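A.B. asks: So the chains spell out like this:
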Amino acid sequence: MANYQEIIDTYKDLPGGLIEAYHAIQREYSYIPEEAVFAAAQAFNIPKAEAYGVATFYSYLKVGKRGKNVIRICESAPCHIAGADKVVAALEKELGIKMGESTADGVFALEFAECVGQCQATPVITVNCKPYFDVTPEKIPTILAEYK
Amino acid sequence: MAEEMRIVLRNLDKIDPLKIDDYLAVGGYKSLQKARTMSRLEVIEEVKKSGLRGRGGAGFNCGMKWSFSYNIDSDQKYVVCNADEGEPGTYKDRIIMENDPQTLLEGMAICGYAIGSNKGYIYCRGEYPYVVEILNQAIAQAKGKGVLGDFDIEVRMGAGAYVCGEESALIESIEGHRGEPRFKPPFPPVEGLWGKPTIVNNVETFANIPVILEKGGDWYKGIGAASYPGTKVLTLTGDVVNRTFVEVPTNTTIREVIYGFGGGIIGGKNFKAVQIGGTSGGFIPEAFLDTPIDFDSMTAIGAVLGSGAVFVMDETRDIVDVVERIAKFFEHESCGKCTPCREGTKRMHEMMHNVNSGTARAGDLDLMEKLGGVMGVACLCGLGQAAPAPVLTTLKHFRTDYAAKFN
Numbered sequence: 001m002a003n004y005q006e007i008i009d010t011y012k013d014l015p016g017g018l019i020e021a022y023h024a025i026q027r028e029y030s031y032i033p034e035e036a037v038f039a040a041a042q043a044f045n046i047p048k049a050e051a052y053g054v055a056t057f058y059s060y061l062k063v064g065k066r067g068k069n070v071i072r073i074c075e076s077a078p079c080h081i082a083g084a085d086k087v088v089a090a091l092e093k094e095l096g097i098k099m100g101e102s103t104a105d106g107v108f109a110l111e112f113a114e115c116v117g118q119c120q121a122t123p124v125i126t127v128n129c130k131p132y133f134d135v136t137p138e139k140i141p142t143i144l145a146e147y148k
Numbered sequence: 001m002a003e004e005m006r007i008v009l010r011n012l013d014k015i016d017p018l019k020i021d022d023y024l025a026v027g028g029y030k031s032l033q034k035a036r037t038m039s040r041l042e043v044i045e046e047v048k049k050s051g052l053r054g055r056g057g058a059g060f061n062c063g064m065k066w067s068f069s070y071n072i073d074s075d076q077k078y079v080v081c082n083a084d085e086g087e088p089g090t091y092k093d094r095i096i097m098e099n100d101p102q103t104l105l106e107g108m109a110i111c112g113y114a115i116g117s118n119k120g121y122i123y124c125r126g127e128y129p130y131v132v133e134i135l136n137q138a139i140a141q142a143k144g145k146g147v148l149g150d151f152d153i154e155v156r157m158g159a160g161a162y163v164c165g166e167e168s169a170l171i172e173s174i175e176g177h178r179g180e181p182r183f184k185p186p187f188p189p190v191e192g193l194w195g196k197p198t199i200v201n202n203v204e205t206f207a208n209i210p211v212i213l214e215k216g217g218d219w220y221k222g223i224g225a226a227s228y229p230g231t232k233v234l235t236l237t238g239d240v241v242n243r244t245f246v247e248v249p250t251n252t253t254i255r256e257v258i259y260g261f262g263g264g265i266i267g268g269k270n271f272k273a274v275q276i277g278g279t280s281g282g283f284i285p286e287a288f289l290d291t292p293i294d295f296d297s298m299t300a301i302g303a304v305l306g307s308g309a310v311f312v313m314d315e316t317r318d319i320v321d322v323v324e325r326i327a328k329f330f331e332h333e334s335c336g337k338c339t340p341c342r343e344g345t346k347r348m349h350e351m352m353h354n355v356n357s358g359t360a361r362a363g364d365l366d367l368m369e370k371l372g373g374v375m376g377v378a379c380l381c382g383l384g385q386a387a388p389a390p391v392l393t394t395l396k397h398f399r400t401d402y403a404a405k406f407n
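Listed in order, the protein sequences are those of chains A and B. Here the first sequence is numbered in the UniProt record's numbering, starting from 1 and rising by one per residue. Here the second sequence is numbered in the UniProt record's numbering, starting from 1 and rising by one per residue.
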């Protein structure tokens, strides 16, 4: 696994590269370690508060540990009327965790998302941004098996 | 029935999007070549003549916008493509970028030539990392062929903030900051990315440009509605038989979209409402279904064309429940910079929740209308200004649904 300092150094000379650096860190870690935020502040020569402010502004960035495979359930109106709540219940039951939590083995994280732009096949969930279409509670075990 | 007309999706299923040779074989980059034989002003005049208005939702005259940046003498100018489509129910820009990325690059390069810019950015939403890959491949191929000349394009990825669809928030995000909108003026065409003149246009807007240069502004002006010419890509979601995308002339009516292209309501049920333009759009009752979808006709009925999302609800849908969900969306997506939006979206969601769960107080509906009115004028950016629209339009057209929650 690439060290976050090395990743940050790759982006520090890119104008406005802080968010790109955070994305790259998440591709390795699935989250942004808190120390990486402070390292980024130093590399981009901005106050820690600003580096932290950016990292916590965007819902796809997460400071602090979470599961390796991030499952997001779209909750926006088209998915809402298509039964997203049943998918949420099925995921929580299957993984034994609540929305916003990660499994104890660190394999999965469960998050709400707003529209992921795949509204031709609602409800939609994504795992590490890969979309799954017309999701029903019955489909959940098969989807999760891909990542176990 | 009205016919589909493909301008921005003209190459759909006809070319391999990842092969630039396919795009070149169907005449790709000829419009850019043509533009470069014209004067910059002639290019802008041609776009102005077409009457093309922004396809991201604000509907500003595209050529006019370009002329603002053209008129400024600056050592650096930028062309930015807004590919941050975040309006729930919208995926038209994804369809364009997945199927014909080169047409977007060509449109941006034409803009670059017209305003005098050699640097473009595509700000693609974080939900679409697979589209970012397509765009990067397309850029590499275009550079390899040398078709872009000295115009450079870079992709930046958003990270799940709806507000970044607002152009000044998007610019802040490219600069590596929190995506909070700026106070305007100055507007981006004058002072945008890193303080330089910047044109921000939507994916669909740019995708129209090569065709306008090829066939001429007069040709384009003759398509669809006179005040908002051309086509619009719509995405149909909800209780409609064909949940699909369609590109239609802008004089097509809502009824033709839902019952023609959409195939009507699932299960033969009755229509209840349609929300057009994304989650910030107004709810439209049956009485207005014969309205053409163009920008001004939609505004005239108190709705919007917006992003072109068409979210259909059948007679069994609980409108108040749907609007509560939408109110939650805005509370979540408000960036928090201005008080009317930060507090307003929170209180609106709170009241919608109370109404929906049967715990609202008498007078709450009037209070919601008042709050919505204040937000419409007092919020800093379009997010907060449009956020109350679903509440206000449903209070207007579906008040009995609200009243039923008090029983």
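Think of the hints as simulated: they come from the structure by calculation, not from any bench. Nothing here was measured: the structure is a model prediction, and the numbers come from that model. Among these hints, one or two may not hold up.
Stated by the list, open to error - With a straight-line cut-off of 25 Å between C-alpha atoms, the simulated SDA-like cross-links for lysine to any residue are:
#1 A/K130 <-> B/D13
#2 A/K139 <-> B/F398
#3 A/K12 <-> B/D13
#4 B/K196 <-> A/L14
#5 B/K184 <-> A/E50
#6 A/K86 <-> B/K405
#7 A/K12 <-> B/N136
#8 A/K48 <-> B/E175
Claimed, not checked - Covered by chain B, per the in silico footprint, the following chain A stretches (three or more residues, Cβ under 8 Å):
#9 32-45
#10 54-68
#11 109-120
Stated by the list, open to error - Listed next, the stretches of chain B that the computed footprint assigns to chain A, with coverage defined by at least 3 CB atoms under 8 Å from CB atoms of chain A:
#12 127-133
#13 264-277
Backbone N, C-alpha and C fix where the C-beta goes; we use that ideal spot for every residue, glycine too.
A.B. asks: Could you grab the alpha-carbon distance between A/K12 and B/D13 and see if it respects the 25 Å cut-off?
C.D. replies: The given pair, whose Cα atoms are some 40 Å apart, is violated under the 25 Å limit.
A.B. asks: Below or equal to 25 Å on CA atoms is what counts here, so check A/K12 against B/N136.
C.D. replies: Distance ~20 Å between A/K12 and B/N136 Cα, so the pair holds.
A.B. asks: Quickly compare the C-alpha distance for B/K184 and A/E50 to 25 Å and report which way the hint goes.
C.D. replies: holds, 23 Å
A.B. asks: Regarding the pair A/K139 and B/F398, is the alpha-carbon distance no greater than 25 Å?
C.D. replies: The hint is violated at about 36 Å.
A.B. asks: Closer than 8 Å, Cβ to Cβ, for at least three residues: run that test on the stretch 127-133 of chain B against chain A and report holds or violated.
C.D. replies: Answer holds; 4 residues pass the 8 Å Cβ test.
A.B. asks: Would you mind confirming whether the straight-line C-alpha gap from A/K130 to B/D13 stays at or under 25 Å?
C.D. replies: With Cα atoms ~23 Å apart, A/K130 and B/D13 stay inside 25 Å; holds.
A.B. asks: Check the hint pairing A/K86 with B/K405 against an upper bound of 25 Å on the C-alpha distance.
C.D. replies: Satisfied, since the Cα-Cα distance of roughly 24 Å is no more than 25 Å.
A.B. asks: Between the alpha carbons of B/K196 and A/L14, is the straight-line distance 25 Å or under?
C.D. replies: holds, 17 Å
A.B. asks: Against chain B, does the stretch 54-68 of chain A show at least 3 residues with beta-carbon separation below 8 Å?
C.D. replies: holds (count 6)
A.B. asks: Do three or more residues from the stretch 32-45 of chain A put their C-beta atoms closer than 8 Å to C-beta atoms of chain B?
C.D. replies: That given contact is violated, which follows from only 1 residues of the stretch 32-45 of chain A lying within Cβ reach (below 8 Å) of chain B.
A.B. asks: Examine the stretch 109-120 of chain A for residues whose CB is less than 8 Å from any CB of chain B, and state whether their number is three or more.
C.D. replies: holds (count 8)
A.B. asks: Are there three or more residues in the stretch 264-277 of chain B whose C-beta lies within less than 8 Å of some C-beta in chain A?
C.D. replies: violated (count 1)
Checked against the numbered hints listed earlier, the structure breaks hints 2, 3, 9, 13; every other hint is satisfied.
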